[in-house]
Structure formats: C-alpha cells, structure tokens
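K.L.:
Position in the sequence shown counted from 1, then plus 47, gives you the working numbering.
One or more hints might be untrue.
What the hints assert, rightly or not - If you anchor each label on the Cβ, the simulated ranges turn out as follows:
id: 1; residue 1: 194; residue 2: 97; range: 24 to 30 Å
id: 2; residue 1: 187; residue 2: 218; range: 45 to 51 Å
id: 3; residue 1: 191; residue 2: 82; range: 21 to 27 Å
id: 4; residue 1: 106; residue 2: 167; range: 20 to 26 Å
id: 5; residue 1: 214; residue 2: 191; range: 42 to 48 Å
id: 6; residue 1: 179; residue 2: 66; range: 50 to 56 Å
id: 7; residue 1: 215; residue 2: 105; range: 43 to 49 Å
id: 8; residue 1: 194; residue 2: 173; range: 30 to 36 Å
id: 9; residue 1: 184; residue 2: 213; range: 46 to 52 Å
id: 10; residue 1: 106; residue 2: 194; range: 47 to 53 Å
Hints in this document: simulated from the structure, not taken from any laboratory.
Backbone N, C-alpha and C define an ideal beta-carbon position, used for all residues, glycine too.
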Amino acid sequence: MNAPVARDRAFSRLPMLTIFAGAAGSIALPWVPNALTTRVRGAIAEDIASRKGLSLTPEARDTLSALAFEQAGLRPISRILRFSAARVALRFLPLGAVLPGTLAAFSAFALGHLFERYLTQHRTSAATRIDEEEARRIRTALDLAVLHILRARPASSSKGDSKSEDLRDAVTQLVDKVLLGAATVPSLVLERLEAAFDESFIA
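I would like the entire structure built from these sequences, with the hints used as guidance.
P.N.:
Given below as structure tokens:
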C-alpha cells in the first residue's frame, strides 16, 4: 500500500526540480546560475538512477549534470547557442530576462525525462553501476535530441478543418485557435524530443 505512494512521490520530483533549475538559471550573477543549475541536474540524474536501483559513478554524474552541449564534441554548438541567446537578450530585454531560466528549465526536464526513458526502454546492460562511458553516450543522444528541437520548425496541424458548423464569431475563433495551438506545443515538443532521442539507440 505504501510502495505506490512512495513511487508516485518520487515521480513528482522532476517537475519541482525543473522549477528549481529554471529559478537557478534566472539568477543575474556571473557564475552562480551555472553552478546551481549543474547541482540541480546532478540531483535529477541521481534521483532517477536510484529509483531504478542503479548507482552513478562521480564521473558519470558529472557528465550527466554538465550544462547542455558541454561535451567536447558539442562545445561549438554551446557557444553558438549562448551567443544567439545573448543577441536575443539585447534585442528583446523582457524576453532576455526570462530566456536563460526557460532554457535551464527545459534542459533539466529533458535530462530527467530522457534519462528515465533510456533506463526504461534502451538500457541493455545488467550492471548496477552507470559509468562515465555509458553516461557520455546518454548525454550525446540527449544533447542531439534537444538540438533537434531547437532547430525544428513548428509543425502545421495535419488534421483537416471540422465539418461541423462553426457558430463562433471571428474573434472567438482566433482566440480559440491561439489557445489550442499553444496548448498543443508541449506534447508536440515531447514527441519530437523522444523520437530524436530514440534514434540514437536504434541499431
């Protein structure tokens, strides 16, 4: 009776840790956001691994908790994205104020969601310890999946217009379209993120 309750509480940590990462990424100080965000990411990785009965070596935790695109082969991408984010912040100050925290939160959620997906669907090793080499493979797949999302164009809906009679006025139709479109974005992003991640582990 207690086990399902404990498991549900464990699953609920990711949304809160995502919020913590977003808050840490929003701190307007030179190095504090990166340090705090890295700590939160490490806690996310450790929590998910322990719930699966696995351990992370210190090197594996460092690899998983490092900021996005900080692996050796992806550092040029990291510099490009940070430069682009800085340009956006200079041009659109209100957006620039929330952009670092938003990216930190999204990256932290992606880490937690995809790391758990890897352990559930793609891991074939029977070892109870995740080492640096395995963590590096996970991070490469994760970073490339996130990059795929950042570069992808919004998908247009493939569903045709409803055949039923639309009794709404023009303003209501427009507002409904905007609201429903915005509500659809998270699920579309998650589907693309998972698909891009899965491709890295399909032989």
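K.L.:
Quick check: does the Cβ-Cβ distance between residue 194 and residue 97 fall within 24 to 30 Å?
P.N.:
Cβ of residue 194 to Cβ of residue 97: about 28 Å, so the range 24 to 30 Å holds.
K.L.:
If I claimed the Cβ atoms of residue 179 and residue 66 lie 50 to 56 Å apart, would that claim hold in this structure?
P.N.:
29 Å, violated
K.L.:
Between the beta carbons of residue 194 and residue 173, is the distance compatible with 30 to 36 Å?
P.N.:
31 Å, holds
K.L.:
Return holds or violated for the Cβ distance of residue 184 and residue 213 against the range 46 to 52 Å.
P.N.:
50 Å, holds
K.L.:
20 to 26 Å was suggested as the range; check whether the CB atoms of residue 106 and residue 167 agree with it.
P.N.:
23 Å, holds
K.L.:
I want to verify a distance hint. Is the separation of the beta carbons of residue 187 and residue 218 within 45 to 51 Å?
P.N.:
About 48 Å separates the Cβ atoms of residue 187 and residue 218, which means 45 to 51 Å holds.
K.L.:
Given a hinted range of 47 to 53 Å, is it respected by the beta-carbon distance of residue 106 and residue 194?
P.N.:
23 Å, violated
K.L.:
Quick check on a hinted range of 43 to 49 Å for residue 215 and residue 105, using CB atoms only.
P.N.:
Cβ of residue 215 to Cβ of residue 105: about 58 Å, so the range 43 to 49 Å is violated.
K.L.:
Would you say the C-beta atoms of residue 191 and residue 82 sit inside 21 to 27 Å of each other?
P.N.:
Since residue 191 and residue 82 have Cβ atoms about 25 Å apart, the given range 21 to 27 Å holds.
K.L.:
Take the C-beta atom of residue 214 and the C-beta atom of residue 191, compute their distance, and say whether it sits inside 42 to 48 Å.
P.N.:
46 Å, holds
Hint compliance for this structure: hints 6, 7 and 10 are broken, all remaining hints hold.
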